[in-house]
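Colleague: One-letter residues, chain by chain:
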Amino acid sequence: MRFRAKIVDLACLNHFSRVINTISKLAKACTLRLTVCKLYFILSDKVANGGASMWCELCQANFFDEFQMEGVAADHNEIYLELVPENLSRALKTAQSAKAVKIKLTNKHCPCLRVAVELPSLSSSSRIVTHDIPVGVIPRRIWNDFREPSVPDFDVSIYLPVLKTMKSVVERMKNLSNFIVIEANLSGEMNLKIETDLVSVTTHFKDLRNPPWVSEDGCQSSAEGRHLESMAEACIDIKKLQQLLAGQQVNPTKALCNIVSKRIVHFILLHEDVSLQYFIPALA
Amino acid sequence: MPFSAQLPASGEPYVLSASLDNARHLSSLLRAVHFQDHATCFATASGLRVTVEDAKCIQANAFIQAEIFQEFAVQEESVIFRINLSVLLDCLTIFGTSSLPGTSTALRMCYRGYGYPLMLFLEEGGVVTVCKINTQEPEELLDFDFCSTKVVNKIILQSEGLREAFAELDMTSEVLQITMSPDKPYFRLSTFGNAGSAHLDYPKDSDLMEAFHCNQTQTNRYKTSLLKPSTKALALSCKVSIRTDAQGFLSLQYMIRNEDGQICFVEYYCCPDENITEAEL
Chain A
1 MRFRAKIVDL ACLNHFSRVI NTISKLAKAC TLRLTVCKLY FILSDKVANG GASMWCELCQ
61 ANFFDEFQME GVAADHNEIY LELVPENLSR ALKTAQSAKA VKIKLTNKHC PCLRVAVELP
121 SLSSSSRIVT HDIPVGVIPR RIWNDFREPS VPDFDVSIYL PVLKTMKSVV ERMKNLSNFI
181 VIEANLSGEM NLKIETDLVS VTTHFKDLRN PPWVSEDGCQ SSAEGRHLES MAEACIDIKK
241 LQQLLAGQQV NPTKALCNIV SKRIVHFILL HEDVSLQYFI PALA
Chain B
285 MPFSAQLPAS GEPYVLSASL DNARHLSSLL RAVHFQDHAT CFATASGLRV TVEDAKCIQA
345 NAFIQAEIFQ EFAVQEESVI FRINLSVLLD CLTIFGTSSL PGTSTALRMC YRGYGYPLML
405 FLEEGGVVTV CKINTQEPEE LLDFDFCSTK VVNKIILQSE GLREAFAELD MTSEVLQITM
465 SPDKPYFRLS TFGNAGSAHL DYPKDSDLME AFHCNQTQTN RYKTSLLKPS TKALALSCKV
525 SIRTDAQGFL SLQYMIRNED GQICFVEYYC CPDENITEAE L
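Those protein sequence lines, which keep their order, are chains A and B.
Positions 1 to 284 (this note's numbering) are the ones given, in order, by the first sequence.
Positions 285 to 565 (this note's numbering) are the ones given, in order, by the second sequence.
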C-alpha cells in the first residue's frame, strides 16, 4: 500500500483546502477512499452521526500535480483510510502561501498521512512544516460498508434557492428551534418552517425550478403522476442543515435537493471539480 | 399590497397594524435596548415604545414614532403586550443583519389584541417569511418619574466623545461614578477597578459639549454591569443627554439618526447604587 501526492499550483491548493474545510464541518471523522482517478470522502449513516451520511467525490487530476497510488492488492487497487478531516484542514491552513504541498501515507509508529508544506523562505533552503495526521487503515472486508448510496426514490426534486438567503434564514431559525421542516413541490415552491411553543416562522421560496430527472432504466419514478402543488416534507435536525450550508463558501454550480416525504432529504451540491451529496434523515 | 391576501377574511380589525419599507429602522433600535429576553411593547397613535427592564434598577426605552413607518394604525387608545425580544429580533433579521446597499427587508406587523400572537410578514428579494410570536401579559413597569422640572444637572454631549470611554469601561470596577458640577471637573467619569482608579474629565467648554446646565455638584455611582448595555445605544447615536435628579437617578437620552436620516430616541434610566457610603467616596 503506497500513496504519495503533490500539489504545486496555489489555486488548486486553495480549492483543495476549501473542500477539506467543507468536509470538516460535516463530519468529525470520515472515510477517505483513494483510487487511481478519484478521492472520496465518505460518511456512512451510523447512529453516531445522527443518521446523516455524506458522499463527496473529487477527480484527483484536477487538484494534484503528482498522484501515485498503489492499493491493498492488484485486483483491489484502492485504499480506505479513516481520518479526522479537521486535522487535515488545520494542516492545510499553514499552506496558504506554500510553494508546494506533499501528502504521503507513512507507517513509522502508526499509520499517518504526512503533510509536508514547503514554505517560501529568504534563504536558499526552503522551510518545511510537516504535519503527521493519524489515520486508520480500513480492512478490505468492510469496504462494502462504504458503497455509494443510491439516489432515493424521491417524491420531489427541486433546485435550492440562493444559498446566501437560505443560509441566513436557517441560521436565524436555529436560534429558535432544534428542528426544521423542509417542504417542496413540483411547481418550484419550497418552504422552510419551524414551530415551537413561543414562535412559528415559515419562509416561502418561489420560482425555483424542478430538475428534470431521466431514470436510468426508463421506469417511472414515484415523482411522476404527482400533483404539481402537493408538498413533500421532512422534519430534520436544523444543525445538520446549517452545517451543510455554512460549509459552502463558494456558490455551487448546481444545488438541489430530493425529498422523500417523512423519510430523508438528499442534497446534491455540484461544483466544477467536486460533487457533494449529503443525506439528512427525517425525524419521527 | 402582496400581504393583503394573507390577512384573515374575518373582518376583525387588527388593533395594531404597521408597515415599514426597511425593517432595519426597527431592528437596530430594538438591539440598542436588548439586554434582557423580554420587552413590553406599548403602541399609541404616536408610535411604538419598547421597554426593557432589569433588577428593578434599570430601564431602557426605544421610541419609534409613527412617522418612521409607512403605515401605522392603532385601533384602541393604547395597545400593550409583553414579548420575547430575542425572538422578535431573530424574526426581524431573518434575512440577515448586513444587507447589500439598496436592498432592504420590508416589514408588515399585525396584532389582533389581547391573547393573540404578533404577526410579522417580512419580504426581501421576492422571498416572504411569516412569523407568529406569542405574546404575554404585560408586567408592571417602573416609573422613574423623571420630568424636566426635577432635573438638577444636565449636559448634552456629542456621542463620539463618549463612545471610546464606554467601550473601554473598566468592567472590573463594580461602579461607574459620575460627577457633574458647575465647577471643575465639570463632568467626570470614574472607575475603581483591579488595576486602579481611572478618571475621565470633560471640560464644559470642550468642542464635544453641546449644552452644559449644571447647578449643583453631584457625585453618584451606578452599577457598571447595569449601564454597560447602554453602550449599544451610544454606538448608534449622534448625541446624548445626561441628566440627574435630586435623588441621583440618571437619565441618558440618545438621539439616533437612521439610514434615511430620520431621528429616533432611546433612553436609559438607572438608579444610583445605594451600597456606597459617603465615607468611601
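For the record, the hints were derived by calculation from the structure and aren't laboratory data.
Please note that the accuracy of each hint is not assured.
Said to hold, decoys possible - To give an idea of the interface, some chain B residues facing chain A are shown, with a C-beta separation under 7 Å as derived from the structure:
no.: 1; residue: Ser362
no.: 2; residue: Ile364
no.: 3; residue: Asn368
no.: 4; residue: Asp374
no.: 5; residue: Val414
no.: 6; residue: Cys415
no.: 7; residue: Ile417
no.: 8; residue: Gln420
no.: 9; residue: Pro422
no.: 10; residue: Leu425
no.: 11; residue: Lys438
no.: 12; residue: Leu441
Stated by the list, open to error - Listed next, the stretches of chain B that the computed footprint assigns to chain A, with coverage defined by at least 3 CB atoms under 8 Å from CB atoms of chain A:
no.: 13; stretch: 375-382
no.: 14; stretch: 391-398
Quick caveat, the model's predicted, so the values are computed rather than measured.
The C-beta atom is built at its ideal place from N, Cα and C for all residues, glycine as well.
Colleague: Determine for every hint whether it applies to the structure shown.
Modeller: Structure-based check of each hint:
no. : hint    : verdict
1   : Ser362  : violated, 24 Å
2   : Ile364  : violated, 19 Å
3   : Asn368  : holds, 6 Å
4   : Asp374  : holds, 5 Å
5   : Val414  : holds, 5 Å
6   : Cys415  : holds, 5 Å
7   : Ile417  : holds, 5 Å
8   : Gln420  : violated, 10 Å
9   : Pro422  : violated, 17 Å
10  : Leu425  : violated, 22 Å
11  : Lys438  : violated, 40 Å
12  : Leu441  : violated, 35 Å
13  : 375-382 : holds (count 5)
14  : 391-398 : violated (count 0)
Comparing the model with each numbered hint stated earlier shows that hints 1, 2, 8, 9, 10, 11, 12 and 14 do not hold.
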